[in-house]
Amino acid sequence: DQQVKQNSPSLSVQEGRISILNCDYTNSMFDYFLWYKKYPAEGPTFLISISSIKDKNEDGRFTVFLNKSAKHLSLHIVPSQPGDSAVYFCAGGRKNFNKFYFGSGTKLNVKP
Amino acid sequence: EAGVAQSPRYKIIEKRQSVAFWCNPISGHATLYWYQQILGQGPKLLIQFQNNGVVDDSQLPKDRFSAERLKGVDSTLKIQPAKLEDSAVYLCASSSAGTSGMNEQFFGPGTRLTVL
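From first to last, the protein sequence lines stand for chains A and B.
Per this note's numbering, the first sequence runs over residues 26 to 137.
Per this note's numbering, the second sequence runs over residues -3 to 112.
Source of the hints: derived by calculation from the structure; they are not laboratory data.
Every residue gets a Cβ at the ideal spot worked out from N, C-alpha and C, and that includes glycine.
It is possible that part of the hints are untrue.
[Claimed, not checked] Counterexamples of contact, computed for chain A against chain B with all Cβ distances above 12 Å:
| id | residue |
| --- | --- |
| 1 | VAL38 |
| 2 | ILE43 |
| 3 | THR70 |
| 4 | LYS81 |
| 5 | ALA95 |
| 6 | GLN106 |
[To be verified] Derived contacts from chain B toward chain A, CB cut-off under 7 Å, selection only:
| id | residue |
| --- | --- |
| 7 | SER83 |
| 8 | LEU87 |
| 9 | PHE103 |
Just chain B, with the same shape it has in the complex (with noise of 0.2 Å):
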């Protein structure tokens, strides 16, 4: 079963630039999750998806930050325009909690970007 899967790996931009994140989650995953996690802190929720249909953005700075998943399946996370907190990990796990019950979070090797 092949993993959860995100793009690019690294990323630099000056502050004031735009930035987008992609995300495949496991086949058959209703569930998708980005996560932001700024070093020395655990992940902070972005946004939850069920299927195409967004659960909780409550967290997500809505002036700078936008995320879709069309078709239910991989996603796009946006920030326009970067600033320099924005520097962090942008995890993206899928979870099949939304169909089968088992809450199990599946994480993928994340998106380090750095704002200069």
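The following block holds chain A by itself, in its conformation from the complex (with noise of 0.2 Å):
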């Protein structure tokens, strides 16, 4: 029963263009939802957040957008990097509970 999907295994941009990564949830009762990103051999690391109050958290080259009605949120970088090449990962969940379901990642390289 995966509650967060992230149908898109993976992402070729090239550097200096949009990213836009997509996440999908099946839970109408998740009201937090977070953005991490891995580097191979290492542990998640900690990018933005979003609150169901809001439709749009910016953090400098990073913006997550949030559509309730549709369950859907997305990451944009501008302008990528060879640098944010790396498995991004959405998370979701009850903010209340501090328990959160993962989406299986999205792999985004960035080309030179």
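Please assemble the complex out of the two chains, which come individually in their own frames, going by the hints.
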């Protein structure tokens, strides 16, 4: 029972262009979402989060958009840099429970 | 600030053997999580501790997996006996969510377990 889904296993983007990573969730009770970035042989590192009371949160080159009616969120990276090449995980859950469900990840490759 | 520490980084065992993983969370973090990440999948929560109490262990295969967090600081996850399908990366994460309301989880580097 996958409550958070990332349907694109991989994405390739040219340096300087926009990267858009997508995530869908099924549980309408989820009110908090996070994106993590993972390099090989390392644990995931937190990137950006969004609460369901917002539809957008921005941090530098990273912006997360939330569409509650569609149960969909996306992470935009502008401009993309080669160092952004990593696996990106989306996670969602109920903030008060501090328990989050992870998607299967999208491997981003930013080509120089 | 020191990050989440895990050991060992790699472990190879034969099926039916036992194995234990250790995690030391970030100082002061009340919440500790153990995840299992199978190749090609996202992390799956096995157990969540708040201080030294278990909050959620609904996805922990209790016939073979056990975990403890004595004194509410470091934690040990054990598998006894191991099966081939236990081959995965075991991630430990900690969070100050129980006290600060911040839900960001900080992950350790993981332990890669191979069961032959």
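Outcome of the hint check:
Interface exclusion of VAL38 (chain A) from chain B stands, the closest Cβ pair being 21 Å apart, more than 12 Å. ILE43 (chain A), annotated as away from the interface, keeps every beta carbon of chain B farther than 12 Å; the closest lies near 24 Å. Non-interface status of THR70 (chain A) relative to chain B is broken: a Cβ of that chain comes within 12 Å, the nearest being about 7 Å off. Residue-level check passed: LYS81 (chain A) sits 18 Å from the nearest beta carbon of chain B, beyond 12 Å.
With a closest Cβ-Cβ approach of about 21 Å to chain B, ALA95 (chain A) is found to remain outside the 12 Å limit, as its non-interface label requires. GLN106 (chain A), annotated as away from the interface, keeps every beta carbon of chain B farther than 12 Å; the closest lies near 22 Å. Because the beta carbon of SER83 (chain B) sits about 16 Å from the nearest beta carbon in chain A, more than 7 Å, this interface hint is broken. Hint on LEU87 (chain B) holds. Least Cβ distance to chain A is approximately 6 Å, under the 7 Å limit.
Contact between PHE103 (chain B) and chain A, as hinted, is supported at the beta carbon level, the nearest pair being about 3 Å apart and thus within 7 Å.
Checked against the numbered hints above, the structure violates hints 3 and 7; every other hint is satisfied.
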